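Q: Sequence:
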Amino acid sequence: AALGIILMHIQSVPWAIGQVVSGAFSLEAGFGGLLGVMVQGFRRAAFSNEAGAGSAAIAHSAVKTRFPASEGIVALLEPFIDTVVICTMTAIVIVLFNADNSFAWGQVDSATSTVLIDGARMGGVDLTSAAFDSVLPGFRYLLTIAIILFAFSTMISWSYYGLQSWKYLFGRSTAADLSYKLLFCLVVVIGAAVSLGSVIEFSDAMIFAMVFPNMIGLFLLFPKVRQELNAYLEAIGRK
Numbered sequence: 001a002a003l004g005i006i007l008m009h010i011q012s013v014p015w016a017i018g019q020v021v022s023g024a025f026s027l028e029a030g031f032g033g034l035l036g037v038m039v040q041g042f043r044r045a046a047f048s049n050e051a052g053a054g055s056a057a058i059a060h061s062a063v064k065t066r067f068p069a070s071e072g073i074v075a076l077l078e079p080f081i082d083t084v085v086i087c088t089m090t091a092i093v094i095v096l097f098n099a100d101n102s103f104a105w106g107q108v109d110s111a112t113s114t115v116l117i118d119g120a121r122m123g124g125v126d127l128t129s130a131a132f133d134s135v136l137p138g139f140r141y142l143l144t145i146a147i148i149l150f151a152f153s154t155m156i157s158w159s160y161y162g163l164q165s166w167k168y169l170f171g172r173s174t175a176a177d178l179s180y181k182l183l184f185c186l187v188v189v190i191g192a193a194v195s196l197g198s199v200i201e202f203s204d205a206m207i208f209a210m211v212f213p214n215m216i217g218l219f220l221l222f223p224k225v226r227q228e229l230n231a232y233l234e235a236i237g238r239k
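By the numbering used here, the letter at position 64 of the sequence shown is numbered 64, and the numbering carries on one by one without gaps.
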């Protein structure tokens, strides 16, 4: 859908990209604004693709392959597709939402990550839904279904990550397995009851708590990674 909207407004895409770049790096934004945009970008990028957090490695480690480096190379595509391609396309669609200047962008509220549009504050899913629905009427219903499916699949993947970590700490017993599943279901209920801002802030804090020790491990294991990569490249060269 995003690609279709972009192709329909292909003549306005350079303008949309220019709006994004100029808004982030303009003199009006200032150093503080630029730094804020970068911080927010890194936070959301880490949240979307988990790069450097070490969580995706749990899923990839379950793959049976002769050369672990081959799976690592496949994993490198995830941040590019997820963040660079999909998120960029979504951002362009949102900017194209007002390509004809049909309304004036209001002041952005950094606390709620919303923008004032025609007297109403919109942000996140609401803003994305309005942008798509302006070109594809009724798309908001399809987007709602997609979001539900994304949320459900995310719960499944993160429950798997947590379960493997839990088993590593407390053993692979039935009691440990059941206790984790009960705890996970409890946290899901709590997460659905609290505000979205609190959930995002807690998630950002936990991702940072994962990234810090994981980065240390990456530096310590760098010689082993290089050894595995060289072995894989040599095997490819022999073929």
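FYI, nobody ran anything at the bench for these hints, they're computed from the structure. Worth double-checking, as some hints may not be accurate.
[To be verified] Pair ranges (Cβ atoms, derived): (1) Ser12 / Lys167: 48 to 54 Å; (2) Gln227 / Leu149: 17 to 23 Å; (3) Met8 / Gly191: 36 to 42 Å; (4) Leu7 / Ser153: 25 to 31 Å; (5) Arg121 / Asn230: 33 to 39 Å; (6) Gly191 / Ser70: 31 to 37 Å; (7) Val115 / Lys167: 39 to 45 Å; (8) Val21 / Leu77: 24 to 30 Å; (9) Arg121 / Ile145: 48 to 54 Å.
Since we're looking at a predicted model, the values are computed, not measured. C-beta: ideal position from N, C-alpha, C; glycine also.
Q: Taking the hints in turn, state whether each one holds.
A: Okay, the hints, checked on the actual structure:
1. Ser12 / Lys167: 48 to 54 Å: 51 Å Cβ-Cβ, so the 48 to 54 Å window holds.
2. Gln227 / Leu149: 17 to 23 Å: The hinted range 17 to 23 Å is violated for Gln227 and Leu149, with Cβ atoms some 40 Å apart.
3. Met8 / Gly191: 36 to 42 Å: For Gly191 against Met8, whose Cβ atoms are near 37 Å apart, the range 36 to 42 Å holds.
4. Leu7 / Ser153: 25 to 31 Å: holds (28 Å)
5. Arg121 / Asn230: 33 to 39 Å: Given range 33 to 39 Å: violated, Cβ gap about 54 Å.
6. Gly191 / Ser70: 31 to 37 Å: Cβ of Gly191 to Cβ of Ser70: about 36 Å, so the range 31 to 37 Å holds.
7. Val115 / Lys167: 39 to 45 Å: Given range 39 to 45 Å: holds, Cβ gap about 44 Å.
8. Val21 / Leu77: 24 to 30 Å: Given a distance of about 25 Å, which is inside 24 to 30 Å, the answer is holds.
9. Arg121 / Ile145: 48 to 54 Å: violated (25 Å)
In this structure, the hints that do not hold are numbers 2, 5, 9, in rising order.
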